[in-house]
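Number of protein chains: 2
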Amino acid sequence: MTEQGQHRVVIVGAGFAGKYAARALRRADAHVTVINGTNHHVFEPLIYQVATGLLSPGEVATPVRELFRGQRNTDVLLGWVTDVDVEGHTVTATAPDGVPYQVPYDTLIVSAGTTGSYFGNDRFAEFAPGLKSIDDAVELRARILTAFEMAELTTDPEAARRWLTFVIVGAGPTGVELAGQIAEIARRTLPGEYRRIDPAQARIVLVDAVDRVLPTFSPESSAAAEKHLRKIGVDVRLGKRVVDVDATGVEFQAATGTERLDAMTKIWSAGVAAAPLARRLAAATGAETDRSGRIKVNPDLTVPGHPEIFVLGDLMSLGKLPGVAQVSIQGGAYAGRTIRDRLAGQSRGKSAAGKPFHYFDKGNIATVSRFSAVADLRGLHLRGLLGWLLWLGVHWAYLPKGRNRASSLVRWAVAFLGRSRSERAVTSQQINARLAVRHATAEAGEKEKTPV
Amino acid sequence: MTEQGQHRVVIVGAGFAGKYAARALRRADAHVTVINGTNHHVFEPLIYQVATGLLSPGEVATPVRELFRGQRNTDVLLGWVTDVDVEGHTVTATAPDGVPYQVPYDTLIVSAGTTGSYFGNDRFAEFAPGLKSIDDAVELRARILTAFEMAELTTDPEAARRWLTFVIVGAGPTGVELAGQIAEIARRTLPGEYRRIDPAQARIVLVDAVDRVLPTFSPESSAAAEKHLRKIGVDVRLGKRVVDVDATGVEFQAATGTERLDAMTKIWSAGVAAAPLARRLAAATGAETDRSGRIKVNPDLTVPGHPEIFVLGDLMSLGKLPGVAQVSIQGGAYAGRTIRDRLAGQSRGKSAAGKPFHYFDKGNIATVSRFSAVADLRGLHLRGLLGWLLWLGVHWAYLPKGRNRASSLVRWAVAFLGRSRSERAVTSQQINARLAVRHATAEAGEKEKTPV
Numbered sequence: 013m014t015e016q017g018q019h020r021v022v023i024v025g026a027g028f029a030g031k032y033a034a035r036a037l038r039r040a041d042a043h044v045t046v047i048n049g050t051n052h053h054v055f056e057p058l059i060y061q062v063a064t065g066l067l068s069p070g071e072v073a074t075p076v077r078e079l080f081r082g083q084r085n086t087d088v089l090l091g092w093v094t095d096v097d098v099e100g101h102t103v104t105a106t107a108p109d110g111v112p113y114q115v116p117y118d119t120l121i122v123s124a125g126t127t128g129s130y131f132g133n134d135r136f137a138e139f140a141p142g143l144k145s146i147d148d149a150v151e152l153r154a155r156i157l158t159a160f161e162m163a164e165l166t167t168d169p170e171a172a173r174r175w176l177t178f179v180i181v182g183a184g185p186t187g188v189e190l191a192g193q194i195a196e197i198a199r200r201t202l203p204g205e206y207r208r209i210d211p212a213q214a215r216i217v218l219v220d221a222v223d224r225v226l227p228t229f230s231p232e233s234s235a236a237a238e239k240h241l242r243k244i245g246v247d248v249r250l251g252k253r254v255v256d257v258d259a260t261g262v263e264f265q266a267a268t269g270t271e272r273l274d275a276m277t278k279i280w281s282a283g284v285a286a287a288p289l290a291r292r293l294a295a296a297t298g299a300e301t302d303r304s305g306r307i308k309v310n311p312d313l314t315v316p317g318h319p320e321i322f323v324l325g326d327l328m329s330l331g332k333l334p335g336v337a338q339v340s341i342q343g344g345a346y347a348g349r350t351i352r353d354r355l356a357g358q359s360r361g362k363s364a365a366g367k368p369f370h371y372f373d374k375g376n377i378a379t380v381s382r383f384s385a386v387a388d389l390r391g392l393h394l395r396g397l398l399g400w401l402l403w404l405g406v407h408w409a410y411l412p413k414g415r416n417r418a419s420s421l422v423r424w425a426v427a428f429l430g431r432s433r434s435e436r437a438v439t440s441q442q443i444n445a446r447l448a449v450r451h452a453t454a455e456a457g458e459k460e461k462t463p464v
Numbered sequence: 013m014t015e016q017g018q019h020r021v022v023i024v025g026a027g028f029a030g031k032y033a034a035r036a037l038r039r040a041d042a043h044v045t046v047i048n049g050t051n052h053h054v055f056e057p058l059i060y061q062v063a064t065g066l067l068s069p070g071e072v073a074t075p076v077r078e079l080f081r082g083q084r085n086t087d088v089l090l091g092w093v094t095d096v097d098v099e100g101h102t103v104t105a106t107a108p109d110g111v112p113y114q115v116p117y118d119t120l121i122v123s124a125g126t127t128g129s130y131f132g133n134d135r136f137a138e139f140a141p142g143l144k145s146i147d148d149a150v151e152l153r154a155r156i157l158t159a160f161e162m163a164e165l166t167t168d169p170e171a172a173r174r175w176l177t178f179v180i181v182g183a184g185p186t187g188v189e190l191a192g193q194i195a196e197i198a199r200r201t202l203p204g205e206y207r208r209i210d211p212a213q214a215r216i217v218l219v220d221a222v223d224r225v226l227p228t229f230s231p232e233s234s235a236a237a238e239k240h241l242r243k244i245g246v247d248v249r250l251g252k253r254v255v256d257v258d259a260t261g262v263e264f265q266a267a268t269g270t271e272r273l274d275a276m277t278k279i280w281s282a283g284v285a286a287a288p289l290a291r292r293l294a295a296a297t298g299a300e301t302d303r304s305g306r307i308k309v310n311p312d313l314t315v316p317g318h319p320e321i322f323v324l325g326d327l328m329s330l331g332k333l334p335g336v337a338q339v340s341i342q343g344g345a346y347a348g349r350t351i352r353d354r355l356a357g358q359s360r361g362k363s364a365a366g367k368p369f370h371y372f373d374k375g376n377i378a379t380v381s382r383f384s385a386v387a388d389l390r391g392l393h394l395r396g397l398l399g400w401l402l403w404l405g406v407h408w409a410y411l412p413k414g415r416n417r418a419s420s421l422v423r424w425a426v427a428f429l430g431r432s433r434s435e436r437a438v439t440s441q442q443i444n445a446r447l448a449v450r451h452a453t454a455e456a457g458e459k460e461k462t463p464v
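Residue numbers (this note's numbering), protein chains in the order written: chain C, 13 to 464; chain H, 13 to 464.
Chain C with its partners taken away, still in its complex shape:
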């Protein structure tokens, strides 16, 4: 409950930025309200492991309330924030029952994150979902695993090949990690389980319009990652722009003309767009947005003309800062500290001006497959096992709470030392409600099925 007259900080979104901002306010003389659209904070760097059956949703999703249990000045509300009234200093959110509610603020932090972007081709979404949420991860997992089942069921070798072809569009870290994991599912987890198909024959295609994988990494790391991807049998196709996606395949534009690739399973990891709230906020404040719809902020991460509104994480646009977890984490901590210092300064009669946000680039790291990762650390390039051990240490250390660390280690041992994967359940609801409709349309040509 808010004490009378206490400064009210409202944080929209409990991703990395929101989490670290709230944390930095734990001893501030303020009442903090975190509003999030689900009940959990997602550890995004590992969400691809949920999509590929390594980890369970609970291992990458920590209840927001649990994060702030001991932080008595912090309140958590479940709701989708739909609008900000910058004059009235109020945000409007929708409760799970569809009823809107208002929350007043003195300082507002908007860290509502991104959604996938299809660069204007939203019709691709149903055929090539992205990977931003637990819902996405569980849906992708169902599609990947069911594809092998469909290949086993069909008697048409052409159809089987379509089912065993997986196309990942976008060769950033998520695309590379997904490609590597699907290759491991096909070559390590599933062999021996099928009687008609050989899962190891699956074709995993990683496509990008740019000319190297992991374009935000050093050229050395990109080259090492590409080499390892090819070694584990990923078909890497660079300099190819995807111009169409439908139920049964994708079309690329390359220097040599248009090519089509038949594939039932497509995954989109090519682009992100700011959450819809950014547009509302930009309209209300007159702030400029960049191409992805992110809001251009001042060096202190506030909206021009609105020192009481911070925009953080993937929603903010500042110089050439990349959309990575570390920018969100450091930006969140910075904003939280700035607000705390303002409040302390006010009480001591100081001005509100602070130092601008300075991003400390800790480096980049991406796993290609088990025991192999590439890392760029301030001039140092690690690869292979050494990179992977660093990946393991860093991710393990950043995973929230001891219990997720313990169970994740068990899961990783299962998958990396053994061949199994812990989370492979595809439910009837997934099969009936979603795949049925889509695939029935897609496979209208393939009627004959007498598998025994």
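Read the hints as simulated data drawn from the structure, not as lab findings. We treat Cβ as the ideally placed atom computed from N, Cα and C, and that holds for glycine. Some clues are possibly wrong.
Sample of chain H residues facing chain C (criterion: CB under 10 Å; computed from the structure) [stated by the list, open to error]:
#1 Thr158
#2 Glu161
#3 Ala437
We have chain C already, so just place chain H on it with the hints.
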């Protein structure tokens, strides 16, 4: 692949009965095909732990293919079996893309299990879902956890009380275990996480029309379980028949007349009905069915007049055998052995007649809360910690595969020694697509929400 002329056994359903039947056929001179509607075998006795956030779906759901990976004569197909042609010796299944396919058999095992039964009141289903599948478990978990969120959001104390009231209809093992776990969520897991409500004030009501909990257990165990439930604050209401369920509550018929209880979250664990396939099979074979639609079988678990068709598990009706996991396990193993012996006997020129199925009652066990369970073991009644340690040992031993055992132990330590629960993610899809619609209707009266 079927060898020419090899005996073909088709098993419909990969629950306990199907799993143990297939296992018993691993060295038989037969080709075995297991057809299942999902890609996993569910360890049903622990599914309530998925519904209450203790375990992840993967920890109670083992891929059917993984179970039979090393069993070379066994084939697994994903499909919903919709019909049996007993003349043509063929089953018809539907693939995930909606396209039907046929599988011929020489011997058929039907172990398709049960669905929840509302005793003719199917309109209850949307308000009080049951707990049979992973889908059900994940849905119930979302409802339970979201109820606390809604209670925190509302400013109407009446509405908060409705959201904090949980009614479990049916006091069999699943009902008792769910009531105990919801009580632990409210009193151990969530306290300290909310600022406006006290989750420990939640009211958990366990209702049954019969006059004791766990009616299939000994009277001593029923009494001990009831006493412990009351001790942990479960409101046990016996001898009350539920006559209506709607969005905001339930109505019971008691000796004293009709009572209404306001409750947003209702769970149905009161009855089961045979899977729809049983009706088709009964019609095709002329077999009798019991009140729940289960097929009455011969003492050797075959359908009268059809020695080539076995009906097992929760789908079979034989004497007074209860619908418990042990009947399925032992019946499955018996049927598998019978078929194996028939085939071996045929090759040695012997007749097909075997010994009738004899059920060995190993006893009953149910957990009430952490460190407390009741068990009936052939005249011996254990309760409290001793019963609970037995429960732990038995369930751990029966859990398939080492990896589930390892990670379940971690989860149990987290929850039973600590206060946390590993799997609490409620996704936006769950919130938007399902709860929104239902609760918007339900709460039409409760419009005003200004939580801060």
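A quick look at each hint next to the structure:
no., hint, result
1, Thr158, "holds, 6 Å"
2, Glu161, "holds, 4 Å"
3, Ala437, "holds, 4 Å"
Violated hints: none; the structure is consistent with every hint.
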